[in-house]
Amino acid sequence: MLRYILNRYVLGFVALAVLALVLISYTGRDRTNLTPVEKIIKNTVTPVESGVTRVLNGINDIFRTVFTIGSIKEENEKLKQRIAELESENILLREYEYQNIRLRELLQFKDTVSRSFDTVSASVVGRNPSNWFETVTINRGKDDGVKKNMPVITSQGLVGHVINVSDSSAEVLLIVDSSSAVGGLVQINRTPGVIEGLDKKGYLKMSYISKEAPVREKQVVITSGLGGIFPKGIPIGRITEVEMESNGLVKHATVRPFVDFNRLEEVMVIKTVFGENGPSSSGGGE
Amino acid sequence: MRYLIMTVVFLVSLILQSTLFSHLTVAGVKPDLVLIFIILYALLHGPKEGVLAGLLGGLLQDLLFGQFIGMNALPKLTVGYMFGVLERKIYKENLLIPMAALFLGTFVNETILYLLRQISYLMGKTGGISLNYLVSVKDVIFSTAVYNSCLAPFIYGKFYKSSQKGLLRTIDG
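First to last, the sequence lines map onto chains A and B.
Residue 84 in our numbering sits at position 84 of the first sequence; the count goes up by one each step and never skips.
Residue 117 in our numbering sits at position 117 of the second sequence; the count goes up by one each step and never skips.
A portion of the hints provided could be inaccurate.
[Stated by the list, open to error] Within a straight-line C-alpha distance of at most 25 Å, the following computed SDA-like cross-link-like pairs (lysine to any residue) qualify:
no.	chain 1	residue 1	chain 2	residue 2
1	A	K39	B	S120
2	B	K138	A	K39
3	B	K125	A	E38
By construction, these hints were calculated from the structure, which means they are not laboratory data.
Same shape as in the complex, but just chain A (with noise of 0.2 Å):
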């Protein structure tokens, strides 16, 4: 009796286990679309976790509300001194900047920073359930031109890119997935490497550093955008720590990303790229 159900199962496990292969193999993120029924799924899911995000937000809100407001009077006070330190530091500011200014123009460097980006904003109304996959959802889609493989930013910093789309929404690979790679500059001394996601949760590696270079901890890391995804010149993060790979040959560092990721709320999808060659429209290469 047992054999005969073992025999039966064992037969339609193994049916479905090779099914799945299968589906595996002729998926995956080289796909230009999505299936029918994805979209399907996604355009009626995406509404409903929009509320439910919507809705623990404002608990959020209410809850921080009434445990913070001892302590906002105090605050207050503080804020105000702070903006008047930064007020002074602005002008400070203001006028390195002015400086900067001039001397790009006598040295005719390109301005790389004066470049734009068409974008359009969006909510993140959800993350990726599973431990192993670093994605969020966004509320826009092909409906408001999102195209797959645009940057994704928020002002702080680089996101991810746009990995597939529905009409309505938009799946996002963050950096610290661990299958992102991302082309990285040092700004300062312009060493290149590849910005990955690490197991480490939250943080970056940048790998591929020469032996040589003058790479320290608290250097700022920059997209350097060789891959033809990311633009060039959106900052990733700060190093943190600089190792030498166990080869000798190359050295890697860990970056501590600027954005946020675990709270990630509002960010912006580089539509277009405005580059000194006139607008070329980013991502959607298929």
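Fit chain B to the known structure of chain A by using the hints.
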């Protein structure tokens, strides 16, 4: 009927996991509610139902959040089968059994996921870095297993009752 209910349970779990539980991470991980339901369901209903529940839950997760369809379905249906086979050999009244099953099941599920992820990396389908298994056990797998098994006491009682008398019962033939 119970498939419809399980579908709703899985969908609600996925939505909760992607919204509420992102705020309730312990040691950097969130629980896998879908997996918890699959294992408990398999323990109470046997291998056939276990595989189907695993397939249903895993596939829903893949369709909603996946890049590779089947990446979550394969480990989940395997785990569903494994614990379904144990159905007749365990005392269902003892709470320690589902807790141990959840711990073990999560370990198996996450290990298969790790292997699939590693294979897709080696085949060049994803970029990024190669993950070390021991580091993954330390950072993700172990904590998820503990988190999942700690949720068993809150879920198992109701689930057990529903499977015996309620909406999830099987018509014994």
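>> Would the hint linking K138(B) and K39(A) be met if the CA-CA limit is 25 Å?
In response: 36 Å, violated
>> Can you confirm whether the C-alpha distance between K125(B) and E38(A) stays at or below 25 Å?
In response: This hinted pair holds, its Cα atoms lying about 20 Å apart.
> Can the restraint linking K39(A) and S120(B) be considered satisfied, given a maximum Cα separation of 25 Å?
Replying inline: Within the cut-off at roughly 23 Å; holds.
Comparing the model with each numbered hint stated earlier shows that hint 2 is the single one that does not hold.
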